[in-house]
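Work out the full structure, taking the sequences as your base and the hints as a guide.
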Amino acid sequence: MKAKKERTQEKGKIRYLSTGNEACGEGAIRAGCRFYAGYPITPQNELTAYMSKRMEEENGIFIQAESELAAISMVHGASAAGARAMTSSSSPGISLKQEGISYMAGAELPCVIVNVMRGGPGLGNISPAQSDYFQATKGGGHGDYKMIVLAPETVQEMFDFTHKAFSLADQYNIPVMILADGMLGQMMEPLEFSADIQPPAEPEKPWALTGARGREPLSKKSLFLGPGVLEKHNDKLREKHDEISLREACAEEYRTQDANFVICAYGTAARIARASVDKLREKGVKAGLLRPVTLWPFPEEALKKHISGETAFLTVEMSLGQMVEDIERIVGDRKRVGFYGRAGGGIPEEDEIVERALMVLDKSGKGARK
Amino acid sequence: MAGKFSRPESMTDKTTHYCPGCGHGIIHRVMCEVIDELGIREKTVAVAPVGCAVLAYDYWNFDAIEAAHGRTPALATGIKRVLPDRVVFTYQGDGDLAAIGTAEIIHAGNRGEDLSVFFVNNGVYGMTGGQMAPTTLIGQTTSTSQFTRRPDKEGYPLKILEMMALLPGVVYLERTSIHSPAEVLKTRAAIKRSFETQLAGKGFSMVEILSPCPTYWGMDPARSMERIREKVIQQYPLGVVKNN
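Chains as they are written, first to last, in this note's numbering: chain A, 1 to 370; chain B, 1001 to 1244.
Keep in mind that the hints were calculated from the coordinates and are not lab data. Be aware that a few hints might be false.
As the list claims (entries may be wrong) - With a cut-off of at most 20 Å between alpha-carbon atoms, the simulated DMTMM-like pairs for lysine to aspartate or glutamate come out as follows:
{"hint": "1", "chain 1": "B", "residue 1": "K1192", "chain 2": "B", "residue 2": "D1085"}
{"hint": "2", "chain 1": "B", "residue 1": "K1043", "chain 2": "A", "residue 2": "E216"}
{"hint": "3", "chain 1": "A", "residue 1": "K279", "chain 2": "A", "residue 2": "E352"}
{"hint": "4", "chain 1": "A", "residue 1": "K205", "chain 2": "B", "residue 2": "E1196"}
{"hint": "5", "chain 1": "A", "residue 1": "K53", "chain 2": "A", "residue 2": "E6"}
{"hint": "6", "chain 1": "B", "residue 1": "K1004", "chain 2": "B", "residue 2": "D1036"}
{"hint": "7", "chain 1": "B", "residue 1": "K1014", "chain 2": "A", "residue 2": "E216"}
{"hint": "8", "chain 1": "A", "residue 1": "K205", "chain 2": "B", "residue 2": "E1042"}
{"hint": "9", "chain 1": "A", "residue 1": "K164", "chain 2": "A", "residue 2": "E202"}
{"hint": "10", "chain 1": "A", "residue 1": "K305", "chain 2": "A", "residue 2": "D333"}
{"hint": "11", "chain 1": "A", "residue 1": "K13", "chain 2": "A", "residue 2": "D196"}
{"hint": "12", "chain 1": "A", "residue 1": "K232", "chain 2": "A", "residue 2": "D144"}
{"hint": "13", "chain 1": "A", "residue 1": "K283", "chain 2": "A", "residue 2": "D196"}
{"hint": "14", "chain 1": "A", "residue 1": "K221", "chain 2": "B", "residue 2": "D1058"}
{"hint": "15", "chain 1": "A", "residue 1": "K221", "chain 2": "A", "residue 2": "E99"}
See below:
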């Protein structure tokens, strides 16, 4: 059933009920994105349909590509020509986009990629999942590279983070991924933004390929054949990654001030874990939630603040355990890190998390893993 | 050019990496002459393929970018849609265009993108060591068709232009060759017509250029040109395939 989407506007704020997918599209439009190429795949189709309408209204460019491979290459071309460009897909389609993402990372071209994750591996299913964490945060395609990965947990953040993603992409000339899931994409929540929200300031793009009028010709490439040339380029990318790690890592914390038990979760899993924290508090457990907002760079410092003393951790994910490897690495003591995960479209329930938390806290069950 | 042979402004003075007798040098040359003649050098953005011509941007004195293998027309689509008043062309080999990029070329054509495509068909993968291409002739030996290309095992040479001709969005298709000076001049004229088609905003056009690969055909440059005349044009007839 389609809910009525009445827009209200008062005190300079636009407010309406939106799906996450459509909020993401509007966030991109409001960020000055005027090029979108996509290919149908569930559960992100509302975003592609929305862009088909909105791009026309904004004199932007919408292309339904022949494949995800083509879609990301169209974004590659649009970005190289200087446009703010975006593509979106869901897990199997994102696997195909890794080709173009690697090329763009190599050529240092900005773009935004939205992954509304579904269950895998293979064709999997169309239910929400978080099983593309490794792919998103560890490179994904071939070669040494990173992209910035933002993990929204509300429809509002689908809008806000997409808007911000264009600013980050332009600031660092890097692909930025919005890592959402089928739940966030499909569900409806109130969305609110300022009626006169402005696109992030667009930096000069002296590298844009616009024709060599009054200047030397330019090329934009990821091929560096001469001896040592690619290594130098890789070092330059590493320095950029280091700078991003230093400046952009971000986490949100909930009731962690006095916590000695910290649940780590992002996106949909974090929403649920928040309620589990409240339930654990009612049982007298000093529980808190650490929710990474950026998955890469991972908010290591925020996590490290909780390592001292006896604090135990529980990582909750909609996967068989991917982010937990980062948590274990940073905490440095695997025995202190518990894990609860549901895969294949399963969604953790509040009470399941509470139950697992109590097992972790029980000395005999410390570090319990599912 | 009058009377004096000089380098077109659209070419750099860099020595190419192409093998002796390779056709790319001739094709670059006539293409760059046309770009000079039309006065479009400063508004041209080229898309180089993966393959022997991957380094073409070192030899071209205008903006250029490289695409992932076969995605060349998709990437060019992105550029042209953002910059509709610029001249955008792809320069692709037979592996790039007729194998891994078959979907991209057909759909760019079917959308009627305002692009020029220069398709250099030499019947082998040159850059990777002379493997069989979709365009390799029946009976031709390559490093991956060691017992020659046989229809029952390796299939038939792919005639891309004839396939593209079926698409309403495609307005101009011509197959040319460079095996003689007269054919080189026809190639030059076809390239010019393709650019003019784009400048007039008429839609998608493509010139397939039959070109020699002496290295992986295992014959000297002169003999390679002869082979085009004797054998290759029997499979790939020259001339205008479509002109709307």
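For the pair we were handed, K1014/B and E216/A, check the Cα-Cα distance against 20 Å.
It holds: about 15 Å lies between the C-alpha atoms, which stays within 20 Å.
Just to be careful, I want the Cα atoms of K13/A and D196/A compared with a cutoff of 20 Å; is the pair within it?
The given pair, whose Cα atoms are some 8 Å apart, holds under the 20 Å limit.
Can you confirm whether the C-alpha distance between K164/A and E202/A stays at or below 20 Å?
holds (12 Å)
Is it true that the CA of K1004/B sits at most 20 Å from the CA of D1036/B?
Distance ~15 Å between K1004/B and D1036/B Cα, so the pair holds.
Can the restraint linking K221/A and D1058/B be considered satisfied, given a maximum Cα separation of 20 Å?
holds (12 Å)
Run the distance test for K305/A versus D333/A: straight-line Cα separation, threshold 20 Å.
OK: K305/A and D333/A at ~15 Å, within 20 Å.
Has the given pair, K279/A with E352/A, been kept, meaning a C-alpha gap of at most 20 Å?
holds (11 Å)
Pair hint K283/A and D196/A, alpha-carbon separation not exceeding 20 Å
This hinted pair is violated, its Cα atoms lying about 46 Å apart.
Check whether the Cα positions of K221/A and E99/A lie no farther apart than 20 Å.
The hint holds at about 14 Å.
What's the verdict on K232/A and D144/A, does the C-alpha distance respect the 20 Å limit or exceed it?
holds (12 Å)
Checking one constraint from the list: CA of K205/A to CA of E1196/B, max 20 Å. Satisfied?
violated (30 Å)
Tell me if the straight-line CA distance from K1043/B to E216/A falls inside 20 Å.
Distance ~12 Å between K1043/B and E216/A Cα, so the pair holds.
Hints 4, 13, counting from the list given before, are not met by this structure.
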